[in-house]
Amino acid sequence: MALKGRLEDFGITQLLNLINLARKTGTLYLEGAQKNSYLCFREGKLIYAALEGVEDSLPVILQRANVFTAEQVRMIQTNMAGRTDRDIAQVLITSGRLQQQVVVKSVRDAILDLVYQIFSWHEGQFRFEPSKLPVQGKITTSIALENVIMEGSRRVKEWERLQDELPDLDIPLKFAERPTTPLRDVNLSVEEWRVISFVNPSNTIRQIAQFNNMSELQIRKIVYSLLQAGLVEIIRPPRPTVAPASARQVPEGMPQPTAAQMQRPAVKRGIVQKLISRIREL
Amino acid sequence: MQTLKIVVTGPFSSGKTELIQSVSEIDVVSTERKISQEAERIKQQTTVAMDFGRITIDDELILYLFGTPGQRRFDFMWEILSEGMLGFVVLVDSTRPETFREARRILDTFRSYSPVPYIVAANKQDLSDAWPPEDLRIVLHVEPGVKVVPCVATDRESVKEVLLELLYSILELVDEE
Numbered sequence: 001m002a003l004k005g006r007l008e009d010f011g012i013t014q015l016l017n018l019i020n021l022a023r024k025t026g027t028l029y030l031e032g033a034q035k036n037s038y039l040c041f042r043e044g045k046l047i048y049a050a051l052e053g054v055e056d057s058l059p060v061i062l063q064r065a066n067v068f069t070a071e072q073v074r075m076i077q078t079n080m081a082g083r084t085d086r087d088i089a090q091v092l093i094t095s096g097r098l099q100q101q102v103v104v105k106s107v108r109d110a111i112l113d114l115v116y117q118i119f120s121w122h123e124g125q126f127r128f129e130p131s132k133l134p135v136q137g138k139i140t141t142s143i144a145l146e147n148v149i150m151e152g153s154r155r156v157k158e159w160e161r162l163q164d165e166l167p168d169l170d171i172p173l174k175f176a177e178r179p180t181t182p183l184r185d186v187n188l189s190v191e192e193w194r195v196i197s198f199v200n201p202s203n204t205i206r207q208i209a210q211f212n213n214m215s216e217l218q219i220r221k222i223v224y225s226l227l228q229a230g231l232v233e234i235i236r237p238p239r240p241t242v243a244p245a246s247a248r249q250v251p252e253g254m255p256q257p258t259a260a261q262m263q264r265p266a267v268k269r270g271i272v273q274k275l276i277s278r279i280r281e282l
Numbered sequence: 001m002q003t004l005k006i007v008v009t010g011p012f013s014s015g016k017t018e019l020i021q022s023v024s025e026i027d028v029v030s031t032e033r034k035i036s037q038e039a040e041r042i043k044q045q046t047t048v049a050m051d052f053g054r055i056t057i058d059d060e061l062i063l064y065l066f067g068t069p070g071q072r073r074f075d076f077m078w079e080i081l082s083e084g085m086l087g088f089v090v091l092v093d094s095t096r097p098e099t100f101r102e103a104r105r106i107l108d109t110f111r112s113y114s115p116v117p118y119i120v121a122a123n124k125q126d127l128s129d130a131w132p133p134e135d136l137r138i139v140l141h142v143e144p145g146v147k148v149v150p151c152v153a154t155d156r157e158s159v160k161e162v163l164l165e166l167l168y169s170i171l172e173l174v175d176e177e
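Top to bottom, those sequences are chains A and B. With the working numbering, the residue at position 273 of the first sequence is 273, and numbering never jumps. With the working numbering, the residue at position 176 of the second sequence is 176, and numbering never jumps.
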């Protein structure tokens, strides 16, 4: 089933987060306001990206990375016309003109540069084609999306959007129970580390901002990126129970229940079973 | 006579009225008005007060289904409708990602009203461009342990499954006591 929609409604950060968490394999096609692009993923990792108008052949990528000069690139293109990037890389590496890690790093940097450009797209259409990977002959890599999301989120400047995503600052944070990546493998900025150091169920986001002398905008940006990267989670109200209202106790420090909570009916097993039987019969 | 209440909520035009109509034994008592705002003219009418459906369980027990008004400006009704509810269903139109953020807000709001069991029903799963329930779980930040079930609000059997899944969740909590 293809996922599709508008970037106005479902942004790049959210899409990457979904692909990461769902460990998706396939290609995300983006039709921006001015350009088109596609990003390929395997098991939730970014493996390739292309952007309309940006030359993505290996020699050009290596030139942009200052590995080769324009003249060297012209020679390679002439001598190896018609060959795929993989073939070119193999020839250059086996001939000793290039180290494999240089190729890998250059391709990786090129892909990331491109993806970060796409983060600024807030208008357009997207669709995700599962299992489709148009990367034949291309050099692919495997980039964990957590860092990409972190960096991309840093570039998201829309204050309104942040406010929309995180309307309430008077709630605490906790570390994710099952983070998608170990904290030591994530590149955090100094400011993000300062926030991380105060993450504790007893501190609200607003208090963390006050401790660090941060504005609402700063703290929203940082918390938003940490949430999107799956490093921290908002502490939700406790899981529901069906204890009678009179027997329910409010933990210290938690808000008192509203009238609606007090009036919730206690329900017996037999009654729920009656409901189930009746609905099955409908 | 004992009455119980399940609330069906969700963004504007997510299919709440259709869901209740599919299983109610009475014609749904619905207060609908012609849409006035341009941005909300996806359908001709919308629910401005509430939908009200009924399922008689036996001589002494009735289950009421209440649908919340879909438009945000009527959200003052939500807390009133949530009073005393047994549980709630958050209905999401799986084909309209532009409503997912609103669905998240509604979910958080209802969760704060009352600590009762709830499920998310991913409507319009019969359409080819519907987002799968497992993806909706991620984008709506649904907690592990809370069900996200596929649904077609106009299909009686599908709606029965939604209600049953909610009741199973309630039963699980009763058994945990």
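A few of these clues could be false.
[Said to hold, decoys possible] Here are the computed lysine-lysine pairs in the PhoX-like style, where the Cα-Cα straight-line distance is at most 25 Å:
#1 A:138 / A:174
#2 B:5 / A:174
#3 A:268 / B:147
#4 A:132 / A:45
#5 A:132 / A:174
#6 A:45 / A:35
#7 A:4 / A:105
#8 A:132 / B:160
#9 A:45 / A:4
#10 A:35 / A:174
#11 B:5 / B:160
#12 A:4 / B:147
#13 B:160 / A:4
#14 B:5 / A:132
#15 B:147 / A:274
#16 B:160 / A:174
#17 B:147 / B:5
#18 A:268 / A:132
[As the list claims (entries may be wrong)] With the C-beta cut set under 8 Å, the calculated list includes, among others, these residues of chain B facing chain A:
#19 26
#20 59
#21 61
#22 62
#23 63
#24 77
#25 97
#26 98
#27 100
#28 140
#29 142
#30 149
#31 156
#32 160
[Claimed, not checked] Pairwise CB distance ranges, derived in the manner of DEER restraints:
#33 B:109 / A:66: 29 to 39 Å
#34 B:126 / A:198: 42 to 52 Å
#35 A:201 / B:108: 42 to 52 Å
#36 B:168 / A:206: 15 to 25 Å
#37 A:167 / B:129: 23 to 33 Å
#38 B:109 / A:99: 29 to 39 Å
Note that these hints are calculated values from the structure, not bench results. Given the structure is predicted, the values throughout are model-derived calculations rather than measurements. For every residue, glycine included, the Cβ atom is placed at its ideal position computed from N, Cα and C.
Hint by hint, here is what the structure shows:
| no. | hint | in the structure |
| --- | --- | --- |
| 1 | A:138 / A:174 | violated (41 Å) |
| 2 | B:5 / A:174 | violated (34 Å) |
| 3 | A:268 / B:147 | holds (22 Å) |
| 4 | A:132 / A:45 | holds (14 Å) |
| 5 | A:132 / A:174 | violated (37 Å) |
| 6 | A:45 / A:35 | holds (23 Å) |
| 7 | A:4 / A:105 | violated (32 Å) |
| 8 | A:132 / B:160 | violated (36 Å) |
| 9 | A:45 / A:4 | holds (19 Å) |
| 10 | A:35 / A:174 | violated (39 Å) |
| 11 | B:5 / B:160 | holds (15 Å) |
| 12 | A:4 / B:147 | holds (23 Å) |
| 13 | B:160 / A:4 | violated (29 Å) |
| 14 | B:5 / A:132 | violated (46 Å) |
| 15 | B:147 / A:274 | holds (21 Å) |
| 16 | B:160 / A:174 | violated (37 Å) |
| 17 | B:147 / B:5 | holds (19 Å) |
| 18 | A:268 / A:132 | violated (51 Å) |
| 19 | 26 | violated (13 Å) |
| 20 | 59 | violated (11 Å) |
| 21 | 61 | holds (6 Å) |
| 22 | 62 | violated (10 Å) |
| 23 | 63 | holds (6 Å) |
| 24 | 77 | violated (12 Å) |
| 25 | 97 | holds (4 Å) |
| 26 | 98 | holds (3 Å) |
| 27 | 100 | holds (7 Å) |
| 28 | 140 | violated (11 Å) |
| 29 | 142 | violated (11 Å) |
| 30 | 149 | violated (14 Å) |
| 31 | 156 | holds (7 Å) |
| 32 | 160 | holds (6 Å) |
| 33 | B:109 / A:66: 29 to 39 Å | violated (53 Å) |
| 34 | B:126 / A:198: 42 to 52 Å | holds (48 Å) |
| 35 | A:201 / B:108: 42 to 52 Å | violated (18 Å) |
| 36 | B:168 / A:206: 15 to 25 Å | violated (39 Å) |
| 37 | A:167 / B:129: 23 to 33 Å | holds (29 Å) |
| 38 | B:109 / A:99: 29 to 39 Å | violated (56 Å) |
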